[in-house]
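Next come the chains, spelled out residue by residue.
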Amino acid sequence: MTFRGVSPGDLGDAPSDAELIRAHVDGDPEAFAELVRRHRDRLWAVALRTVGDREEAADAVQDALLNAHRNAAKFRGEAAVTTWLHRIVVNACLDRLRRKQAHPTVPLPDGNRDDDRPTGPEPVAPVADQDTVLVVRDALAALPFEQRAAIVLVDVQGYGVAEAAEMLGVAEGTIKSRCARGRARMAMTLGYLRGNQNGDGTVPSRSDAASPLPTGVERREPR
Amino acid sequence: MTGTEFEWGEFEGVDIDLLADYVGGALDGTPDAERVAGLVATDETWRAAFEALEPGMIAVGAVLRELEPEPMPDDLAARLDTMFRVAGGATEPAPASGESGPVVAVPAKVVDLDKARRRRRWVAPVTVAAAAVAFAGFGVNAMLTSPKTADTAAGSVARENAPMSDQSTVGGDVLRSGTDYTSSTLAQATATKLRSAGSAEVPQVTSANELSADSLDRLNTPDAVDACIQEIARINGGGLISVEFMDYARFNGRPALIVRFVAADGTWVWAVGPECGTPGAGADELERVPVR
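Just so you know, the sequences run in chain order A and B. Using the numbering used here, you'd call the opening residue of the first sequence number 1 and step up by one each time. Using the numbering used here, you'd call the opening residue of the second sequence number 1001 and step up by one each time.
Calculated directly from the structure, the hints in this document are not laboratory data. A couple of the hints might just be wrong.
With beta-carbon atoms standing in for the labels, derived distance ranges [said to hold, decoys possible]: (1) A:Asp-26 - B:Glu-1066: 21 to 31 Å; (2) A:Arg-37 - B:Thr-1042: 55 to 65 Å; (3) B:Asp-1015 - A:Asp-26: 30 to 40 Å; (4) B:Ala-1077 - A:Glu-172: 26 to 36 Å; (5) B:Ser-1184 - A:Arg-76: 47 to 57 Å; (6) A:Ala-79 - B:Glu-1066: 25 to 35 Å.
Just so you know, these numbers come straight off a predicted model, no measurement behind them. The C-beta atom is built at its ideal place from N, Cα and C for all residues, glycine as well.
Could you build all of it, start to finish, from the sequences and the hints given here?
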């Protein structure tokens, strides 16, 4: 179910990502739009799961892609284009989350804005899985956002630890630690520890899920 | 917390983050890995915590992998596509000292979406259309900053819920003047309106009833305005545009949306018909004049 990058073999005669970037920098008016079309679903999925709000995710993706569009000439090709794009998008998401944390929004009179809940709820999965999806999504959204970003890239999107480390600009050990601590928190939140998991292997219902863990000062992550 | 046999406090004395690092392989090759392994082997609480946590973390990993991916919404995909196809048409030479290769000319001041959204709550519904434009990446600076549109929160909420067609009295830089423009008055009259200064030179104003009876209703929805502005930007070919002013009016007697905007190729006033932005109609362009 995970998204992965488009490998050269999948492209046939189509230009590679790097060729599209070069064409864009050289003035090809269609190249960047084609690059966006190629990767937009993956970038959207990362943004949506990381910020947990459709409007915020849309803004983050748009800002990030405009940034990439303007700064394409700075791309030197040390990383894959998809890694570079993900890095820009994830950074845009994290910047938004940090700003939101530093300057919480005062609820407006119409009551539509609540920073504890996504303002634009994601559509849910088919009814049979709806409860599980909601509970898991809530538990993911309750994680400290840097743990969430790492888990989104590695566990949800299926990127390797090394690739995720490059996307987030941190050491591989940091990614492993953020993922591990995030999974542990989610296991606690979901009541997923051994002896507490439902016999049929499902997660508890939304109302049964354990309370989120306290989000105090984090112990330093290993490098 | 309901019926959890193992709560966080159940493992008192266990550093759960450290144990999670151990389970997740983050300590591999470090002295901490041996230390935690020793604790799990010899300390009952650490062992209980390990035996609870490891399968729990594995289960969480499994359920995360099962989350279904969701493709980008069609409207966002379409907007990005249009934005970059339009923007891709305009490039500038690279600065003498700087990056190699040309820099693509997306305006530095793309509208602040957060700011636009905050404003939308206070000046709606005029800015409903404007916000849709903003979302597509087009600036709507003046449109959103007119003091005429400032109001109380209660008033704005009430108006936000009102249908767009009821807003014929709204001022600011989105007008419903009913003015009948001609080629020779487009640039001058929009400049006059933009300065909010009355003038005898402003063309004849049609009555509100007459305007409401015409066929500009289609352009009362944000999506329709959005599509129209995107078409104007595409056809103009000057990169992203920043809309300064819109007027639901007439041109040579025909219903027309008058759009004054700034782009990389200058300031323009376009008069477009009701079909602007519909498939096959392009911008339904009636006239365009540069502002000099």
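Query raised in the report: Looking at the structure, which of the earlier hints fail to hold?
Result: 1, 3
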